[in-house]
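Chains as they are written, first to last, in the numbering used here: chain A, 63 to 329; chain B, 0 to 265.
Don't read these hints as lab results, they were simulated from the structure. Owing to the predicted nature of the structure, the values given are computational and were not obtained by experimental measurement. All clues stand as given, with none of them false.
Quick list of the computed label-pair ranges, beta carbon to beta carbon:
1) Asp188(B) <-> Gly248(A): 20 to 30 angstroms
2) Val90(A) <-> Ile252(B): 52 to 62 angstroms
3) Pro110(A) <-> Asp188(B): 53 to 63 angstroms
Computed footprint of chain B on chain A, listed as stretches where at least three residues anywhere in the stretch have a Cβ under 8 angstroms from a Cβ of chain B:
4) 126 to 138
5) 164 to 177
6) 186 to 199
7) 291 to 303
8) 315 to 323
Idealized CB from N, CA, C, for every residue including glycine.
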Amino acid sequence: MTTQLVAALEALGSPISEQLATLRYSFVLFFELIAESFRQLLRPSRAPEVIQQIVSIGIGSLPIITVSTAFAGFVVTNEIAWHMDRALHSVTMIPGLTGQFVLRELGIAVPALLLVAKVGASITAEVGSMKVTEQIDALKLLGIEPVGYLVYPRFVATVVASACLTLIASAMTLAAAISVACTRFGFSLLEYLNALRHFVTYRDLVCALTKGIVFGAVIPIISCAYGFRCKGGAEGVGTATTNSVVTSTVAIILLDFILTFLFTRVL
Amino acid sequence: MTALGSWFISALEELGGVTRFFILILRTAFRTRGNLSRTCEQIVSVTLRSLPTVMFAGLFVGAILVLQYNLVLERYDAQSLLGGLNTSSVLREIGPLIISFLLAGKIGAYTAAELGTMRVTEQIDAIECLGTNPIQYLIVPRFVGIVISSVLLLILGLMVSIGGSMWVAQTLCGINMLQYATSIPQFTDGTTIAGGMFKSLCYGTIVGLVSCYKGYTATGGARGVGRAVTMAAVLTNFYIIIANFFSSMAIDIATETIRLIGEKFR
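So here's chain B without its partners, still in its complex pose (with noise of 0.2 angstroms):
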C-alpha cells in the first residue's frame, strides 16, 4: 500500500514536469523563430530510421488481429464481419496503441538517449554558454519533428496493417480478399479515419514530449542516461495507455455529437 501510494506521488510528479516542460516548450516554440532546416532534417531522418521497423509491426499487429477475431467469429459463423471488425479496430483502436509502443522504443529511447547524452557530457550546458536557447536550438526543432514524424509513421502503419491483414485473412484464414474489403465500409467511414488521426496526433505528442524531458533533465553518467531512456520509454508507454482511454472518450462524444447534428439537419 505504501508502495503504491509513492508510486502514485512520484507519478503525480512526473506529470507535473512533463506539463511544465510542454508549456516551455510551446512558449519558446511561439516566441522565437523557428528553425524550419533543422525540424526538416529531424523529421527526414526520425521518418527513415524507423520506417522498415513501423511497416514490419503493423504487418503483424494486423496479423495478429485477423487470428483473434477469427478465432471468435467462426463460432458465430459471422466471418463476414472479419474485414470491417478488424480494419475498423486496427484503426480506432489497437493499431494506434502497439505501432505507439514500438516509437516509444524507437524515436522516444533514441531521441532521450541523445539529448541525455548531451546533458551528461556538458553539450547542453556549452549552448547555454554560448548565449544560445537550448530549448530553441535542440528541443523545439526534435519536439515538432517526433510529433510530425509519428503522425506519418503512424498512418504508414496502418495502412500497412489493412492491407497486410487483407493478406493474412486469405492465407491463414481462408477468407476471400474480395469479401473481407468489401465488408470494410459497414464498419468504418469518415469518423473513424479522423479518430485514428486524432489517436495518431496525440500519442506522437507523447513520444515527442516525454523523451525531450527524460533526456533534458537526465544526471549522472552513462547510468544516468541509462536510466533516463528507461523511464522515457516506461513512460511514454504509461501516458499512451491513459491517453487512449482518454481520446477514445473524446472521440465517442464527437462522433455522437456529430450523429445528432446530422439528424438535427436532415
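Okay, chain A solo, but in the shape it has when bound (with noise of 0.2 angstroms):
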C-alpha cells in the first residue's frame, strides 16, 4: 500500500521536479549569457552568426505578426467601442481608452505570444534535435562552448528582434485601432490623434519597449534551457517543444502582470 503511494506520488513528483530543474537550468543560462554577452562585447566573435539570426527571426515573423496584430486591433476597437456605447451613451473615449490599450498591452502581449509559438518553439526543436543526435557534444568536444555558439547568437538576436516587433506590431494595432474609429465611429484622423496625445505619452512607449526587450530575454533562455535538456529521440524533442512553449507563455503572462503592475506604480 505505501510503496505504491510513494510510487504514485512519484509518477505526480518527477514531471514537476523535471519541470522545476529545467527553470534552475534556465536561471543558469541566463547568467552564463550575461557573461558571454560582456565577453563578446569586449572581444566579438560572432557579429555575423548574431545578424542572420536577426534577420531569419525578425523578417521571419514579420508577417504573421502584422495580419494577427492588426486583426487584434479591429476586433478590440470594435469591442471597446461598444462597450463605451453601452456605458455612456458616447463615443468620445475611444481614442483614449483604444490608444493607451494599445500601446500598453495589445501591442505587446500579442507579438510577444506568437514569438513564442514561432520563435521559441523552433529554437527548441532546433537545439533539441541537436542535442538527441548528439551534435552538441560533438560540439564540447571540438572544445567550443555551446552556450556561446549556439544559445548567444539567438538571445540576442531575439531580443532585438522583440523590440523591433513590439514597435511594428504596435504600430500596426494602432492603424487598425484609427481605421475602425474613423471608418465606424465618425473621427477624423486629426480629431483622433488630438485626443490620443492627451492619454499616451512617452511613459507608453518606454512601457511598450521594456515589456517587448523582457519578453524577448525570456522566449531564447526558457527555449535553449528546455532545448539543451530535451532527452531520447524524436519523442523527447516533441515533449520538450510542448514544455518550453507552455513554460514560456505562462512565464510571459506573469511577468505581464508583473511589469504592468511595476508600471501603473513607477510611471
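Put the two chains together into one complex, using the hints given.
This is how it looks when you write it as C-alpha cells:
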C-alpha cells in the first residue's frame, strides 16, 4: 500500500521536479549569457551569426505578426467602442481607451505570445534535435562552448527582433484602431490623434519597449534551456518543445502582470 | 514583397490542407462507429493535464486587464464601471483569446508531438497495416476529446479570471468587491456569455484540428517532430486570431438580430 502510494507520488512529482530543474537551469543560462555578452562586447566574434539570426527571426516573424496584430486591433477597438456606447451612450472615450490599451497591452502581449510559438518553439526544436543527435556533445568535444556558440546569437537576435517587432506591432494595431474609429465611429484622423495625445505619452512607449525587451529575453532563455535538457529521440524533442511553449507562455503572462503593476506604480 | 507573397501562398496551401483534413475527420466520425471509451480517456487526460496552467493563466489575464482598465478609467473618474467593463471584455474578447493561446501550447503542441512521434516512428503505418483506420482509431477520439475539454477549460479559465479580477481590483486598485460586482450586470447578460461560449467552441475546434493535422502529416525524424510542433503552435495561434475577428463579427450580427426581433415582438 505504502509502496504504491510512494510510486504514485513519484509519478506525480517527477515531471514537476523535472520542470523545476529546467527552470533552475534557465537561470543558470541567463547568468552565463550575461557573462558571454560582456565577453562578446570586449571581443565580438559572433557578429555575423547574430545578424543572420536577427534577419531570420525578425523577417521570418514579420508577416504573421503584422497580420495578426492588425486583426486583433480591429476586434478590440470594436469591442471597446461597443462597451463605451453601452456604458455612456457616447464614443468620446474611444481614442484614449484604445490608444492606451493598444500601446500598453495588446500591441505587446499578442506579438510576444506569437513569438513564443514561432521563435521559441523552433529554437527548442532546433537545439533539442541537435542534442538528441549528439551534435552538442560533438561541439563540446571540439572545445566550442555551446552557450556562446548556439545560445548567445539567438538570445541577442530575439531581444533585438522582439523590441523592433513590438514597435511595429504597436504601430500596426494603432493603425487598425484608427481605421475602425474613423470608418465606423466618425472620428477624423486629426481628432483621433489629438485626443490620443492627451493620453499617450513617452511613458507608454518606454513601457512597451521594456516589455518587448524583457519578453524577447525570456523566450530564447527558456527555449534553449528546454532544448539543452532534451532527452531521447523524436519523442523527447516533441515533449521538450511542448514544455518550452507552455512555460514561456505562462512566464510571459506572469511577467506581463508584474511589469504592468510596476509601471502603474512607477510611471 | 516576394517573401510576403510566397508566405501568403503557403498560408493558403496550409488552410486548404487543414480544411480537407477537417472534412475527412467529420466524414470518418459520422460514418464509422465512435470509440466512446477512448474519447472519454482523452477528455479526462487533456483536462487534468492542463487544469493548473489554465487556472493560473486565467487569474493573471483578469489581473492584467483590471490594472490596465483601472489606469484609464481613473482619469475619467469612472472607476465604478470597472467591474462591468472588465468582466465583459474578459468574457467576450481577451479571456478566450489569451487562454486559448495557452491551450495551443499545452494541448495543441502536446498532441502534435504525440501524433508526430507516432508518425515518424512508423506506428501510424503499423496501425494501417493491421487494417485499422488510423483516422478513426487515433484522430477522431483525440479531436472530439480536445474540442470538449478545451471548451470546459476555457469556461473554467474565464470563471477563475472573473473571480480573480474581482480580488485583484480590491487588493491592488482599492475598489470594493461589492461595488465591482454590482456593475457587472450593467454590461454582461446572456448574449455575452453565449458569445464567450461560441468563441470557446471555435477556438477549441481550431486547437484540435490544427494539432491533429500537423502531427498526422509530420515527416522526417526528430527534427520533423520539432517542426510539426512549432508549426502546430504557430498556426493555431494565427487561426485563432483570424477566427476571433470573424466570430466577433458573427456575434455582433447575431446580438443585433436578437435585439431587433425582441423589439418587434414587444
